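Student: Read off the chains here:
Protein chains: 4
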Amino acid sequence: MSSNFHSEARLRVRYAETDQMGVVYHSNYLIWFEVGRVELMRAMGLQYKLLEQDHGCMIAVVAVEARYRASARYDDEIAVRTRIVTLRGSVMKIAYDVVRAEDDKLLCEGTTTHVVVNRQMEKTPLPEPYERAFRRLLEADKTQASADETQTIEEV
Amino acid sequence: MSSNFHSEARLRVRYAETDQMGVVYHSNYLIWFEVGRVELMRAMGLQYKLLEQDHGCMIAVVAVEARYRASARYDDEIAVRTRIVTLRGSVMKIAYDVVRAEDDKLLCEGTTTHVVVNRQMEKTPLPEPYERAFRRLLEADKTQASADETQTIEEV
Amino acid sequence: MSSNFHSEARLRVRYAETDQMGVVYHSNYLIWFEVGRVELMRAMGLQYKLLEQDHGCMIAVVAVEARYRASARYDDEIAVRTRIVTLRGSVMKIAYDVVRAEDDKLLCEGTTTHVVVNRQMEKTPLPEPYERAFRRLLEADKTQASADETQTIEEV
Amino acid sequence: MSSNFHSEARLRVRYAETDQMGVVYHSNYLIWFEVGRVELMRAMGLQYKLLEQDHGCMIAVVAVEARYRASARYDDEIAVRTRIVTLRGSVMKIAYDVVRAEDDKLLCEGTTTHVVVNRQMEKTPLPEPYERAFRRLLEADKTQASADETQTIEEV
Chain U
1 MSSNFHSEAR
11 LRVRYAETDQ
21 MGVVYHSNYL
31 IWFEVGRVEL
41 MRAMGLQYKL
51 LEQDHGCMIA
61 VVAVEARYRA
71 SARYDDEIAV
81 RTRIVTLRGS
91 VMKIAYDVVR
101 AEDDKLLCEG
111 TTTHVVVNRQ
121 MEKTPLPEPY
131 ERAFRRLLEA
141 DKTQASADET
151 QTIEEV
Chain E
1 MSSNFHSEAR
11 LRVRYAETDQ
21 MGVVYHSNYL
31 IWFEVGRVEL
41 MRAMGLQYKL
51 LEQDHGCMIA
61 VVAVEARYRA
71 SARYDDEIAV
81 RTRIVTLRGS
91 VMKIAYDVVR
101 AEDDKLLCEG
111 TTTHVVVNRQ
121 MEKTPLPEPY
131 ERAFRRLLEA
141 DKTQASADET
151 QTIEEV
Chain B
1 MSSNFHSEAR
11 LRVRYAETDQ
21 MGVVYHSNYL
31 IWFEVGRVEL
41 MRAMGLQYKL
51 LEQDHGCMIA
61 VVAVEARYRA
71 SARYDDEIAV
81 RTRIVTLRGS
91 VMKIAYDVVR
101 AEDDKLLCEG
111 TTTHVVVNRQ
121 MEKTPLPEPY
131 ERAFRRLLEA
141 DKTQASADET
151 QTIEEV
Chain L
1 MSSNFHSEAR
11 LRVRYAETDQ
21 MGVVYHSNYL
31 IWFEVGRVEL
41 MRAMGLQYKL
51 LEQDHGCMIA
61 VVAVEARYRA
71 SARYDDEIAV
81 RTRIVTLRGS
91 VMKIAYDVVR
101 AEDDKLLCEG
111 TTTHVVVNRQ
121 MEKTPLPEPY
131 ERAFRRLLEA
141 DKTQASADET
151 QTIEEV
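As you go down the protein sequences, you meet chains U, E, B and L in turn. Sequence positions in the first sequence follow this note's numbering and run 1 to 156. Sequence positions in the second sequence follow this note's numbering and run 1 to 156. Sequence positions in the third sequence follow this note's numbering and run 1 to 156. Sequence positions in the fourth sequence follow this note's numbering and run 1 to 156.
Hints are supplied without guarantee of correctness; some may be wrong.
Identical copies carry no separate label here, and so any pair may be met within one copy or between two of them.
Straight line, CA to CA, 16 Å or less: simulated EDC-like cross-link-like pairs of lysine to aspartate or glutamate [as the list claims (entries may be wrong)]:
id	residue 1	residue 2
1	Lys49	Asp76
2	Lys105	Glu77
3	Lys49	Asp75
4	Lys93	Glu65
5	Lys49	Glu77
6	Lys93	Glu109
7	Lys93	Asp141
8	Lys93	Asp54
9	Lys123	Glu39
10	Lys49	Glu65
11	Lys93	Glu131
12	Lys123	Glu139
13	Lys49	Glu39
14	Lys105	Asp76
By construction, these hints were calculated from the structure, which means they are not laboratory data. Just so we're clear, the structure is a prediction, and the values are computed from it rather than from any experiment.
Could you put the whole structure together from the sequences, leaning on the hints where they help?
Tutor: This is the structure:
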């Protein structure tokens, strides 16, 4: 897994996800993105389910972008690699690479933008333990990025 | 429409509903059954949505049967014919014929069995206006059936 | 319908399309976009189905963007307004507004980018009758746009 | 896993699979049945994918039955237990138990009936290696069943 992704989820293409073109219907990648971000949270020791149950918070989707590079096919094993890009107050952006596990072929890359809302669908800050955990990942990235930069300079 | 069905809903097969066999994936018929029973209620002057909103009742599915006779294909116009079979307390059974509208070819026939539940998922009677409307349909059927029987005898 | 859209398709939100947030799950809008573009083609006297059957061509999705403005809810009647934005060789871009029919509330806007491919998933030009029909719509837009501009000047 | 099931597949409930009742929408169980039978074949050393690719055979669904016992909820881990019930020429019947993995709670039980077809959707016998492997499982069951019977007699 590329170092700048925070987690990887695995799934297998279901027959129901194919269409008569013989490949996965494109809207299913958005469902796989969701699998990716739920597993990212689980990898961080958090559960999206509890965010809803214990904090009354939901992470609504406000924007989606996807670029399709190659077709996923029935029974392919798929890896969804997920990375938090930004977190500003109630708004967060997450990026995904969907690859065929067998040969690491990139199938789809995309981002989703989210806003944290309460049960009345009003903007609300991400609850503290979640905010801290997400922040920690982003800080680790920055440290890594500046380390990479230093290294690049040294290599010259 | 065959006289013993209570309503007919129309829909068009979506690309997303096909699979790589080139036909509609079989689980989608259950979603079409649902379209059928919602339109049945609408034809009776009732709205399933309000049953949930105003009465806090939901009609949970407890059993499904489907027999597939022929394949629906992309862009086919589909008619879903729906009929109440029984209503006993909180339990009701509904039957469906899914046909290709163009030539009335039978694609799938099935039944769903439902139980009326409240928000705590406990059995509850169907609210009065709904119960009365459903009962009326079933009575009309019986009258029709006995009329048909009389006619059959006369024809002999 | 806003004058710069080329067609409008209607559909009703299915129970299966909702999620436990009580609103339509976001990936379903991509399926509705598809309903929009199929109906756009039908409004132009073309059938996507025949493009596949008669010409062996498919219109693959290579990119999707969607911005969610408000939530669609169960049983809402939905209008999908569709417009061709560009057509260059095998590549075309289509834009969508998904609105709640009742009050014209904008729920989602988006674009899809497509490439025309043959059965071997190789780029191929859009067959002539299709290309001509799409081109005609785009020309009509330009004429309209320049008419609008003239009018704006006259109004000053 | 109960001894009379031939395989078990695991999956996790996706947000997209829930509906506004807060539970999994009932048609999704049919998709999970399919996950179950594909994994059953994989456990037997067979791949459904290759049946289509190498033998030009498809296993069409001709009937489905499902009885819903309890609700699956978002993020539940699910076990799908699958068993071949009968195989007669081109027709086979498969049974499923869908349970919540955490506490083995039965959520849904069902059967699917299939017919093996070629690309022209005509009945065709199940190709030899597949037929033999399915037959072996059924024979093993019978031996087990008669052993169980013997044991029952001895216990008396």
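Student: State whether the alpha carbon distance between lysine 105 and aspartate 76 is at most 16 Å within one copy, between copies, both, or neither.
Tutor: within (11 Å within a copy, 30 Å between copies)
Student: Could you figure out if lysine 49 and glutamate 65 sit no more than 16 Å apart (CA to CA) within one copy, between two copies, both or neither?
Tutor: neither (24 Å within a copy, 27 Å between copies)
Student: Could you figure out if lysine 49 and aspartate 76 sit no more than 16 Å apart (CA to CA) within one copy, between two copies, both or neither?
Tutor: between (28 Å within a copy, 10 Å between copies)
Student: Checking an output row: lysine 123 and glutamate 139, CA cutoff 16 Å. Within, between, both or neither?
Tutor: Answer is neither; intra-copy 24 Å and inter-copy 43 Å both fail.
Student: As a check of your reading, is lysine 93 near glutamate 131 (CA-CA no more than 16 Å) within one copy, between copies, both or neither?
Tutor: Intra 13 Å, inter 38 Å, cutoff 16 Å: intra-copy only.
Student: My question is about lysine 93 and glutamate 109: at a cut-off of 16 Å on alpha-carbon distance, are they close within one copy, between copies, both, or neither?
Tutor: Within one copy only: 14 Å inside, 19 Å across.
Student: Are the CA atoms of lysine 93 and aspartate 54 at most 16 Å apart within a copy, between copies, both, or neither?
Tutor: neither (23 Å within a copy, 38 Å between copies)
Student: Go through the copies and call it for lysine 93 and aspartate 141: within, between, both or neither, with a Cα cutoff of 16 Å.
Tutor: For lysine 93 and aspartate 141, the Cα distance is within 16 Å only inside one copy (15 Å; across copies 35 Å).
Student: Tell me, please, which holds for lysine 123 and glutamate 39 at an alpha-carbon limit of 16 Å: within, between, both or neither?
Tutor: Close neither inside one copy (24 Å) nor across copies (36 Å); limit 16 Å.
Student: Measure nothing new, just compare the shortest in-copy and cross-copy C-alpha distances for lysine 49 and glutamate 39 to 16 Å and report within, between, both or neither.
Tutor: Cα proximity of lysine 49 and glutamate 39: one copy only (11 Å, versus 27 Å across).
Student: State whether the alpha carbon distance between lysine 93 and glutamate 65 is at most 16 Å within one copy, between copies, both, or neither.
Tutor: Answer is both; intra-copy 11 Å and inter-copy 14 Å each pass.
Student: Classify it for me, lysine 49 with glutamate 77: is the Cα-Cα distance of at most 16 Å met within a copy, between copies, both or neither?
Tutor: Cα proximity of lysine 49 and glutamate 77: across copies only (13 Å, versus 25 Å in one copy).
In this structure, the hints that do not hold are numbers 8, 9, 10 and 12, in rising order.
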